[in-house]
Amino acid sequence: MNLIRLLQGTPQPPVDLKRTYDAIVIGSGAAGGMAAHVLTSQGMKVLMLEAGKKLEIEKELKSTEWPFEHPRRGDMPPDRHALTLNEYTIRQPPYAADSKYSKVHSYVQGWSGSDYSKNIVVDEKEHPYSGTNYAWVRARCLGGKTNIWGRLALRLSDFDFKAKTRDGYGEDWPISYTDIEPYYDRVDRYLGISGVKENLPHLPDSIFQRPTRLAAAEVTLRNSLKKMNRVLTPYRAGVTTDGLKHNKYRTRCFGRGACSRRAGGCDIHAAFDSPTGLIYPAMDTGNLTLRTNAIAREILVDTNTGKARGVSFVDSDSGQTYEALGKVVVVAASTLESARLLLLSKSSAHPNGIGNSSNHVGHNFCEHVMGPGVTGLVKDRIGKPKTIDDGRPGGFYVPRFRNLSDKNPNFIRGYGFEGIAGSRMFPDNARETPGFGAQYKKTVRDYSGAYIEMGGFGEVLSRYENQMELDPVLKDKWGIPVLRFNFKFGDNEKKMCEDMAASAQEMFEAAGFEIVNVNRRILTEGWSIHELGTARMGTDPKTSVLNQFQQSHDVKNLFVVDGSSHVSASCQNPTWTIMALAWRSCDYLASEFQKGNL
Amino acid sequence: MENDLTRRDAIKLGAAATVAATLGIGESIGVAAQSAAARFFTAAEFALVDELSEMIIPTDPHSPGARAAKVAAYIDARLAEAFDPKDKTTWREGLAVVEKISKEMNAKPFMKSSSDERLAVLTRMAQNESKPLKPEELFFVELKARVVHAYYTSEIGIKQEMEYKGNGYLNEFVGTDVTPK
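Residue numbers (our numbering), protein chains in the order written: chain A, 1 to 598; chain B, 599 to 779.
Just so you know, the hints here were simulated from the structure itself, not pulled from any lab data.
Heads up, none of these hints are tricks.
Here are the simulated lysine-lysine pairs, DSSO-like style, with alpha carbons at most 30 Å apart:
{"id": "1", "chain 1": "A", "residue 1": "K386", "chain 2": "B", "residue 2": "K757"}
{"id": "2", "chain 1": "A", "residue 1": "K442", "chain 2": "B", "residue 2": "K732"}
{"id": "3", "chain 1": "A", "residue 1": "K59", "chain 2": "B", "residue 2": "K757"}
{"id": "4", "chain 1": "B", "residue 1": "K779", "chain 2": "A", "residue 2": "K384"}
{"id": "5", "chain 1": "B", "residue 1": "K686", "chain 2": "A", "residue 2": "K103"}
{"id": "6", "chain 1": "B", "residue 1": "K686", "chain 2": "A", "residue 2": "K118"}
{"id": "7", "chain 1": "A", "residue 1": "K384", "chain 2": "A", "residue 2": "K226"}
{"id": "8", "chain 1": "B", "residue 1": "K763", "chain 2": "A", "residue 2": "K62"}
{"id": "9", "chain 1": "B", "residue 1": "K684", "chain 2": "A", "residue 2": "K125"}
{"id": "10", "chain 1": "B", "residue 1": "K729", "chain 2": "A", "residue 2": "K442"}
{"id": "11", "chain 1": "A", "residue 1": "K442", "chain 2": "B", "residue 2": "K710"}
{"id": "12", "chain 1": "A", "residue 1": "K125", "chain 2": "B", "residue 2": "K686"}
{"id": "13", "chain 1": "B", "residue 1": "K763", "chain 2": "A", "residue 2": "K386"}
{"id": "14", "chain 1": "A", "residue 1": "K227", "chain 2": "B", "residue 2": "K779"}
{"id": "15", "chain 1": "A", "residue 1": "K62", "chain 2": "B", "residue 2": "K757"}
{"id": "16", "chain 1": "B", "residue 1": "K779", "chain 2": "A", "residue 2": "K226"}
{"id": "17", "chain 1": "B", "residue 1": "K763", "chain 2": "A", "residue 2": "K379"}
{"id": "18", "chain 1": "A", "residue 1": "K245", "chain 2": "B", "residue 2": "K779"}
{"id": "19", "chain 1": "B", "residue 1": "K729", "chain 2": "B", "residue 2": "K684"}
{"id": "20", "chain 1": "B", "residue 1": "K779", "chain 2": "A", "residue 2": "K386"}
{"id": "21", "chain 1": "A", "residue 1": "K59", "chain 2": "B", "residue 2": "K763"}
{"id": "22", "chain 1": "A", "residue 1": "K248", "chain 2": "A", "residue 2": "K197"}
{"id": "23", "chain 1": "A", "residue 1": "K379", "chain 2": "B", "residue 2": "K729"}
{"id": "24", "chain 1": "A", "residue 1": "K103", "chain 2": "A", "residue 2": "K125"}
{"id": "25", "chain 1": "B", "residue 1": "K779", "chain 2": "A", "residue 2": "K197"}
{"id": "26", "chain 1": "A", "residue 1": "K118", "chain 2": "B", "residue 2": "K763"}
{"id": "27", "chain 1": "B", "residue 1": "K686", "chain 2": "A", "residue 2": "K100"}
{"id": "28", "chain 1": "A", "residue 1": "K488", "chain 2": "A", "residue 2": "K477"}
{"id": "29", "chain 1": "A", "residue 1": "K384", "chain 2": "B", "residue 2": "K757"}
{"id": "30", "chain 1": "A", "residue 1": "K384", "chain 2": "B", "residue 2": "K763"}
{"id": "31", "chain 1": "A", "residue 1": "K125", "chain 2": "A", "residue 2": "K346"}
{"id": "32", "chain 1": "A", "residue 1": "K100", "chain 2": "B", "residue 2": "K684"}
{"id": "33", "chain 1": "B", "residue 1": "K757", "chain 2": "A", "residue 2": "K442"}
{"id": "34", "chain 1": "B", "residue 1": "K763", "chain 2": "A", "residue 2": "K442"}
{"id": "35", "chain 1": "B", "residue 1": "K757", "chain 2": "A", "residue 2": "K118"}
{"id": "36", "chain 1": "A", "residue 1": "K100", "chain 2": "A", "residue 2": "K125"}
{"id": "37", "chain 1": "B", "residue 1": "K684", "chain 2": "A", "residue 2": "K103"}
{"id": "38", "chain 1": "A", "residue 1": "K407", "chain 2": "A", "residue 2": "K197"}
{"id": "39", "chain 1": "B", "residue 1": "K757", "chain 2": "A", "residue 2": "K379"}
{"id": "40", "chain 1": "B", "residue 1": "K684", "chain 2": "A", "residue 2": "K118"}
Hey, can you work out the whole structure from these sequences and the hints?
In structure tokens form, the structure reads like this:
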């Protein structure tokens, strides 16, 4: 009993559908978890609705299981299929339609160790979507994608929040770095982050715990980049490397080296995940009620006031519909699902969907473009003794260097690179090394630790015409209309990607690495899993959905606290910003609630 | 049911041992023991895959090779449960092509050929690895991919060949700390 309590939070009473909760939080990922944490710690009685189930995550991830201890070396059962880049390219959504496989998953299940994340991600057959090509990765379970996230935890700066002021494109955010900085600090301290201070104005430092260390070739590249006035810094991981005294559910990172082996997942919870980092502690306050298998179908509206009065949800097992009542509704279902829910919530007061008088819900969609990158051979590492280069939550990060003080003639905004060098459990060069026999085997062995690679993440511009809407025909397994995408990369992204490949090659050559491969191909829209901006914040209710506190311009007791609120994508990974913003907004929400203003 | 399985395994064990003895190959006991669990390959196919895998990743002074790592048995288990029937066809036809080439080049089955003759067959299969066109070239790419995956995910491949030291407890990260002093 004690053990169960320790792993899963204080047991809570079941949902009471006759009661009016102070707030209903929809979604349990980074944003929903943060909302639950902030609101319950200020005494509000919160109901959290999660569409998926609560998994016994340690039984899923089994991070320290060796490949040879698993009957399929970590792969999924044979009747499951992961979509390939080719399928995303040559076919149109819904990709799983007519598939002969029992279950179809997004491309992340094509990585090694997919058996360990197969219950975390959705079955595309149950969750179709339509429209333009899009590689949509979704997790439906307590914690959502935080169970398998890539862990790179970066701050944004005024180069991002005030990007329009700098280059004239798009909109500025309704906040500045000084508004969010104290909340970044709180997220750092409460959840733990590892990294090294670099004093960069465009990538502000966090309050770091013990940093990871660099492999030999990464040090070479770092030193070489200094001469180009560029930076390579150890992966800023949303991982507690020193431990967190205030959190009994998490353990400090002990670099066991399974981090690169599968689609994420840390069952010692050194890497942040929403359940152990936010939700279980929130349950321990006694103020959080959790209802899993609850698919939010519609935000209910009080016809007299036009305000939100609750949420109708479908039980994913029984298919039955229920209504839960709340004084405030906090939407945190993920950028695309949140937009879908707002659009689904049509009423006489809100004929275009709740909070959508601007007609901007589902629009201004943005994310990160991926694909271009480089692989290099580090000749002085050939044949060297093996080092444990994957015994850490990530390799390195090269922050943006374009359009900071200079102005690139071909594109605006910027990109950064994630990369890693050295040995890992499976020698990737074994697939590429030609031939067979003793010489082949020796070549694989000698060269396996001698490669370095990095790939870019570039800002996709927010454009009104990049949008998604409800498909008039297609529905999911529960009869709920699904999203239809109308989203394509534009000229700025294509030009940026050309530069990404060229600059990656230039940096590797300058460091003395032999270029093995330069990848110029742009991956399908959605690949970065950094979808943002479908309900953006702004000061003008005609061109934005939310104010600076992620509060609906139209409906004052409705908040949308996930990535959909972001005004632009920047090129930094969004999770830390999602949580800092949600913290700030929920502080405001609690304060307004206590004053009776909602 | 249990008896059925036992009997089936016994039959296969007997068949494999017979084949191995007929072919007179040195590793007959090892082959027979491994093929006891074979579910997709015939005994002859199993012996062929086992030999091809060892030729691709042989035992050397550094570590044992694909045979010791039971690569053929792993491939067999995966093919036995393959969802897409094409996977099975690819292998059945691919192994038949190996035998066809062996007969063309050496006028005898692969497993009855000398080690030089076997090497000549595999070398021909591998000659256009980056742009395979002929059936034997296409099969080599498939064969090697499966062998490579099975070997480097095996305990021998990870711990002995690659000397992987991770997946344990590290009190401190390995590498260079670049924190400014």
